[in-house]
Every structure is written in C-alpha cells, then in structure tokens.
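So the sequences go chain by chain: A and B.
Each step along the first sequence adds one to the number in the working numbering, with nothing skipped, and position 49 is 49.
Each step along the second sequence adds one to the number in the working numbering, with nothing skipped, and position 31 is 1031.
The set of hints was computed from the structure by calculation and includes no laboratory data.
Please note that the accuracy of each hint is not assured.
Result set (DSBU-like, lysine-lysine): computed pairs, CA atoms no more than 35 Å apart in a straight line [what the hints assert, rightly or not]:
#1 K1181(B) to K1226(B)
#2 K1117(B) to K464(A)
#3 K1147(B) to K1069(B)
#4 K1224(B) to K403(A)
#5 K403(A) to K457(A)
#6 K1002(B) to K169(A)
#7 K1117(B) to K1147(B)
#8 K374(A) to K1181(B)
#9 K1002(B) to K403(A)
#10 K457(A) to K1224(B)
#11 K1181(B) to K393(A)
#12 K403(A) to K1117(B)
#13 K1003(B) to K447(A)
#14 K1069(B) to K1002(B)
#15 K1003(B) to K457(A)
#16 K1117(B) to K457(A)
#17 K1002(B) to K447(A)
#18 K403(A) to K1226(B)
#19 K374(A) to K1003(B)
#20 K1224(B) to K447(A)
#21 K1226(B) to K168(A)
#22 K1181(B) to K277(A)
#23 K1117(B) to K169(A)
#24 K1224(B) to K1147(B)
#25 K1224(B) to K374(A)
#26 K374(A) to K393(A)
#27 K464(A) to K1003(B)
#28 K1069(B) to K447(A)
#29 K1003(B) to K1117(B)
#30 K1117(B) to K447(A)
#31 K457(A) to K393(A)
Listing some non-contacts, in silico: residues in chain B with all C-beta distances to chain A over 10 Å [to be verified]:
#32 Q1014
#33 T1041
#34 A1070
#35 G1125
#36 E1152
#37 H1156
#38 D1161
#39 D1170
#40 S1186
Computed from a predicted structure; not experimentally measured.
All C-beta atoms, glycine included, are put in the ideal place defined by N, C-alpha and C.
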Amino acid sequence: MSAAAQEFLRNAATKSADLVHRQVIRRAIDQYNQVVERRRARFLDWEEARRRCQEIKREAVDHLDRYLLEFEQRVTERGGHIFWAETSAEARRYIADLAVRHGVRTIVKSKSMVAEEIHLTPALENLGMRVYETDLGEFIVQLRDEPPYHIVTPAMHLTRAQVASLFKKKLGNVETDDPQHLVAVARRELRRAFFSAEMGISGANFLVADHGMVAITTNEGNARLGTSLPRIHVAIAGIEKVVPRLQDLALLWPVLATSGTGQPITCYNTLIGGPRKQNEVDGPGEFHVVLLDNGRSELLADVEQREVLHCIRCGACLNACPVFQTVGGHTYGTTYQGPIGGVLTPHLRGLDEFQHLSYASSLCGACTDVCPVKIDLHHHLLHNRRNAVRTAKRPWIERAAFKLWRWVMSNSVSYALFGWIGRAALRAAYAFGLEATPLDPLRPWTKYRPLPRIPAKSFRALWKENHGAE
Amino acid sequence: MKKVALFIPCFVDQVVPEAGLDMARVLQRIGYSLEYPEEQTCCGQPAFNTGYWQDAKPLAERFVRVFRKAEVVVCPSGSCASMVRNFYPELLAGSSLCEEARSLGQRVFEFSEFMVKVAHVTDVGANFPHRVAFHDSCHGLRELRLKQEPRELLRHVRGIDLVELPYAEDCCGFGGTFAVKFGMISAAMGDAKAGNAEASGAEFLTSADPSCLLHIDGVLRRRKSKVRTIYLASMLAQSEESGHAFYAGASK
C-alpha cells in the first residue's frame, strides 16, 4: 500500500468517527442542496442544459489543439503572453522568474485550484514574497495554514465561531462572530494587500477561444481587483479550460453558478483579454496566461476517459458524495477531492500512488447524477480500478483471492460445495463465540457490524427440498 | 402459465436465502411458474467492481450461457440486475457473447421493476401492519432508475404505515467490497442511515436490495436499535395467514 493510501486510511478512520465534523458538513450541504434544487428548477429543462454543456465541452476537448491555438493567437495579438507549461515545475519556474524579474514582493492571489495543483504559493514564499489569498474562504484556510477543504468552498468545514477565534488570534480586533463583521475584518486586511501588490495571480474558469479571453468567476470581486490593480496579471489554467465561443458562457456561467453554489449567476464574471491599452485607465501593464498540461495530454489521448477533462470544477460531485461527507476534504490529501479527485488524481499523480482514491467509493453514482457536464464519474472510478489491476500494484492476496473465487464460481458444484463448507465453518466458529474476534475470517466485515445468523441451508438447497420433485 | 427464471445472487443464496424464497413466493402467488437454473453461481460483480475484469469476464459469459434460453429473468437485487443489464456489454466487448448479453440484459429485471413494469401487478394481497420506511438502494435508483416502482408496491400493502425516510436516496455505505476495504467509512455511512431510520419513527426499514439491508441491519443491531429491517419481497410475502420470520437478524 502506498504512503498516500496509508495516510488516507488513517485520516478516514479519524474523520469517520468525528460526529461534529459530520454535523458541520451535513448542515453546509443541506443548505447547498436546498438552493441548488431551487435554481435547477428555474431552468426550463435542466437535463437539456446539462446535455448542451456536455456538448460544448466535448467539442472543446475533442478539438483542443485548434481552440488553444486560436486562444493563443488572440491573446498574443492583444499583447498578452502565453506560456505552455508541460509540468508543474515549468509553470512554477515561469511565474517565479517573472516575479523575480519585476522585483515583486507582494502578490494577491484569487482562487485557483491549478495554483494549488502546482504548489505555487510555497514556491513563491520560498523566494521571500508575500502571497495573499484574497478569496475569503482561501484567506481563512491560509491563516490556518491548511489546504482548501473543498474545490469551491475551501472553508466549508469551519463554523463562524472558529473563524472568529482564528481572526482574533491572527488579526486581532475581532468583536463578534457576526459574518458581516468578520468579512469587514478580512476586507480591511486584504485591501492593504491589493493596493501594495505588484502582481496578481488568478485562475481561469474558462478560456474563450474565439475572443482570446480569460473568464474568471467570483462572488467577492477579489479577482477583479487583483487582476486590475497590480502591474502584472498572471492567469493560470489547465489546458482543458478552453471553450470555443464567447456565447458558450451564456449557458456555462449559469450552469456553473447553479451547480457550484446554487446561484442564478455568480456575482462577478470577468473577461480579461490582454494588458492595459494606451488609452485605458486601468488594468495590468503585463498579462500572462500559463497553460498547464501536467498529465492532461495523456488523459486526452485516453479515449475511454477523455471526458474527465470536461470538468468545470463546480464541486457538485463533492457535495453529493457520501464518502466525501464522511471523510471530509482534507482526508483525500489531494488538490481535487471527492469523486472528481478519485477519478483525476491517479491520472495526474500516478495510479500506483493514488489508486486507493478510485477504490474509496461505494459506487453509489450520486456524483454522476449531479455532474452538470454529465461526466460518468463512478464509471470512470471503475475504469481506474480495472487499470490498477492491469498495471499497478495490488495486494497479492487480493489477486490470489479473485483467482480462487473465479475458479470456484466457474462451476455450480464447486460453488455449492465451497458455500456449504464456508457456512458450516462460520456457524461452528460463531457458535464458539469467535465472531468479530481476530480469528474470525470475516473480521473485515464483522469488526464494523455483525452478520445475520448464517443459514444452515442455501437458497439452492432449500429450493431443491421444495421443488425437487417438480 | 407464464414463466420466469430466478436469478438468485450468490450473497442471497448463501447468506439471506429467505429473501430469494420470499420473492419466489410472491411471484408464484401472482401466477408465475418459476424455474431456478441450478447452474448459476455469481454474476461477477465483486470482481468487476474491484477491477478484476479478466476474472469477471468468464463468469459473465457463463451467466449468459446459463440464462440464454430464459424469456424473462427476475432478480432480488437491483445491483446484480444492473450488473447484467448495464455492465455486461462493456465487460464482454469483443466476446462472441456480447450481443447476446446485451439482449439478455433487456430481459433481466429487478423484482419491483418486474412486478410493476412487466407483470403489472402492484397489489399482491400483502398484509404488514407496521410503520415502515423505505431506503432507495443506489443501483436500483440510479442504475435502473427505479424510484416509484417499489413505492407503488408498498402503497398497496394492507395495514402499512409508510413514513418518509430522511435522506432516503443517500448511500447506506454497503458498496460491495467497499464495505470491507473501507470498513470505517462504510460503517459511518451506515450509522448515518441507521440514525435516519430511527428518526423516521419507523419500526421497519425496507429496501429493494437485500445487500444494503444486510449491512444496515448489522449497523442497527450494533447500535442496539429498535428498528428492524425487512426485504421488500419478504414484506410482500406476508399475508394475513402467513407470518414467517424475517430473514435478517431479528432473532439474534
């Protein structure tokens, strides 16, 4: 078992037993479900909207080469810079070099999961720069020195009382745990950063090919400030973020808002196409877009799983996932949590190390039902499992067990015989009180819940008794 | 006489045979003659879901051969029925049995689905004067899209007091090998389900999949809960005359 898998199991055990955590998440997701349901009902046909979003993303991803080049051309025409980063390290180096070259000391960052994916902030901090997360949720988890709990709602696991005491400790001047007051405290802190920052870093929700624009969605306006006040704006995005046309956003924006937070449309939707022009009064002097591959091309080449690149990072599958609700976002130990994390992470960071995330699902399919771009998520978990058995390390005992199982099941006589022996052995063992003890062969089951009374006779035996003469 | 073949999943055969027998009783009561192909073993789902497709494949082929002559196949588990209908075509891609598997999949039905959509019988004369909550099993609900069918059957049970189960569509945490590979997560999910069953005020929790109930029943007993579980067909098999024991744990 990989180190990551061992840590996952350890943390999952702790969090699964943490009832306070469960309650906090339950409440957050209940609220989310309520508003999302209302918003979905506002669509004339939500299912049709999903299908169209799926089509848009399929068109984009199937012709990624064309749309990315179109995007590059438009951005470059307007004086922006495109950097193609094949790996995380390349992306980090490009941004770090840029910051060093311009003598950057303070950076304001809006929310970006790709920045998390490439571990950008620690790299910049190591160079002595101060990086401020300006999304409120991200600002909170940054103060706690922990990664985002959830790709959309990074501080979902915290109550306002916890946030108040955190602010009091780190920022002072906190009087109540009234949300408005807490926001005001954060705003005071962040405004100073916005005005002093030389560089703004943002993610991108979409890259619009036909207009060569980066589309950024926030609820706090922080990306708008952070990309217009500093001298330099760097947007970082996975290559799969491209969409063909500006008009595609007419559907993708409300669908993202609906699935992400249950809003009809997110408060601030910004389109940025290049640096400030001569006659303009605001905007950055330099505009860079870092396009990150980091394993995505390989996923693109995998026809079976290519559609995983359709993901618009709305977080709906996390909210729907009973495993996510039970183990919490941090247990995954990855940038992307929940079902999409379980599908994607083995592709980005290796099947050997992260296959356990594809197994840590009951395959209930709730994720697939809510995905706004109709990614067959739980089916892809199955594909990852199959690939793991084919090419990665699995416990030898599991491999042997399934070989034996296949052999036994290949014949109804051996099946009935092994079934009879197994039940007789269990009945005898349990009669001696061995159930759930270390001697119980079914301990992995009985450790957590008892079995029903093991029947003396199988269905087939009982059937024969009653219908044998027919 | 109309005829159906019984597909009795391995866990039903070995661990909860009453669930299969009760389903057979109900089918007989509404006038079907039953055939139990004794050659059947397992549909292959445990291996398939764990990634061992090469081990699942011969069993899928075997299943197709065993049931190929059956006109209609009925199964007391949405999960196993879905395995055949939804996943065999992919698992058997490239096999000479693939097309046959696809057409067989259209003739394999989960019990409540069969009752409502094929047999068009919703009232089997069952009597069950208890307060009951219904848990949607994931594969019945989301792979076979069965939401109303089991409820339709429940509504016609005499004396029943149906109550709403909070978060009825949330997974109970069984998930096949997930239940043993990630026991602590599975048990915590089961705990949430059990808590909701208790909060519903029901005496019995029922479901169209005995595999979920196998797990939930264990969790309930570990909690020393008063709520008991009963498989849907076992409830429907209860008429005013009959009164045989519930399969799961109640006596333990």
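Results for each hint:
{"no.": "1", "hint": "K1181(B) to K1226(B)", "verdict": "holds, 28 Å"}
{"no.": "2", "hint": "K1117(B) to K464(A)", "verdict": "holds, 29 Å"}
{"no.": "3", "hint": "K1147(B) to K1069(B)", "verdict": "holds, 30 Å"}
{"no.": "4", "hint": "K1224(B) to K403(A)", "verdict": "violated, 38 Å"}
{"no.": "5", "hint": "K403(A) to K457(A)", "verdict": "holds, 26 Å"}
{"no.": "6", "hint": "K1002(B) to K169(A)", "verdict": "violated, 75 Å"}
{"no.": "7", "hint": "K1117(B) to K1147(B)", "verdict": "holds, 12 Å"}
{"no.": "8", "hint": "K374(A) to K1181(B)", "verdict": "holds, 28 Å"}
{"no.": "9", "hint": "K1002(B) to K403(A)", "verdict": "violated, 39 Å"}
{"no.": "10", "hint": "K457(A) to K1224(B)", "verdict": "holds, 27 Å"}
{"no.": "11", "hint": "K1181(B) to K393(A)", "verdict": "holds, 16 Å"}
{"no.": "12", "hint": "K403(A) to K1117(B)", "verdict": "violated, 38 Å"}
{"no.": "13", "hint": "K1003(B) to K447(A)", "verdict": "violated, 42 Å"}
{"no.": "14", "hint": "K1069(B) to K1002(B)", "verdict": "holds, 15 Å"}
{"no.": "15", "hint": "K1003(B) to K457(A)", "verdict": "holds, 26 Å"}
{"no.": "16", "hint": "K1117(B) to K457(A)", "verdict": "holds, 32 Å"}
{"no.": "17", "hint": "K1002(B) to K447(A)", "verdict": "violated, 45 Å"}
{"no.": "18", "hint": "K403(A) to K1226(B)", "verdict": "violated, 41 Å"}
{"no.": "19", "hint": "K374(A) to K1003(B)", "verdict": "violated, 39 Å"}
{"no.": "20", "hint": "K1224(B) to K447(A)", "verdict": "holds, 16 Å"}
{"no.": "21", "hint": "K1226(B) to K168(A)", "verdict": "violated, 46 Å"}
{"no.": "22", "hint": "K1181(B) to K277(A)", "verdict": "violated, 59 Å"}
{"no.": "23", "hint": "K1117(B) to K169(A)", "verdict": "violated, 63 Å"}
{"no.": "24", "hint": "K1224(B) to K1147(B)", "verdict": "holds, 30 Å"}
{"no.": "25", "hint": "K1224(B) to K374(A)", "verdict": "violated, 41 Å"}
{"no.": "26", "hint": "K374(A) to K393(A)", "verdict": "holds, 31 Å"}
{"no.": "27", "hint": "K464(A) to K1003(B)", "verdict": "holds, 18 Å"}
{"no.": "28", "hint": "K1069(B) to K447(A)", "verdict": "violated, 42 Å"}
{"no.": "29", "hint": "K1003(B) to K1117(B)", "verdict": "holds, 16 Å"}
{"no.": "30", "hint": "K1117(B) to K447(A)", "verdict": "violated, 40 Å"}
{"no.": "31", "hint": "K457(A) to K393(A)", "verdict": "violated, 38 Å"}
{"no.": "32", "hint": "Q1014", "verdict": "violated, 5 Å"}
{"no.": "33", "hint": "T1041", "verdict": "violated, 4 Å"}
{"no.": "34", "hint": "A1070", "verdict": "holds, 16 Å"}
{"no.": "35", "hint": "G1125", "verdict": "holds, 21 Å"}
{"no.": "36", "hint": "E1152", "verdict": "holds, 22 Å"}
{"no.": "37", "hint": "H1156", "verdict": "holds, 26 Å"}
{"no.": "38", "hint": "D1161", "verdict": "holds, 25 Å"}
{"no.": "39", "hint": "D1170", "verdict": "violated, 6 Å"}
{"no.": "40", "hint": "S1186", "verdict": "violated, 7 Å"}
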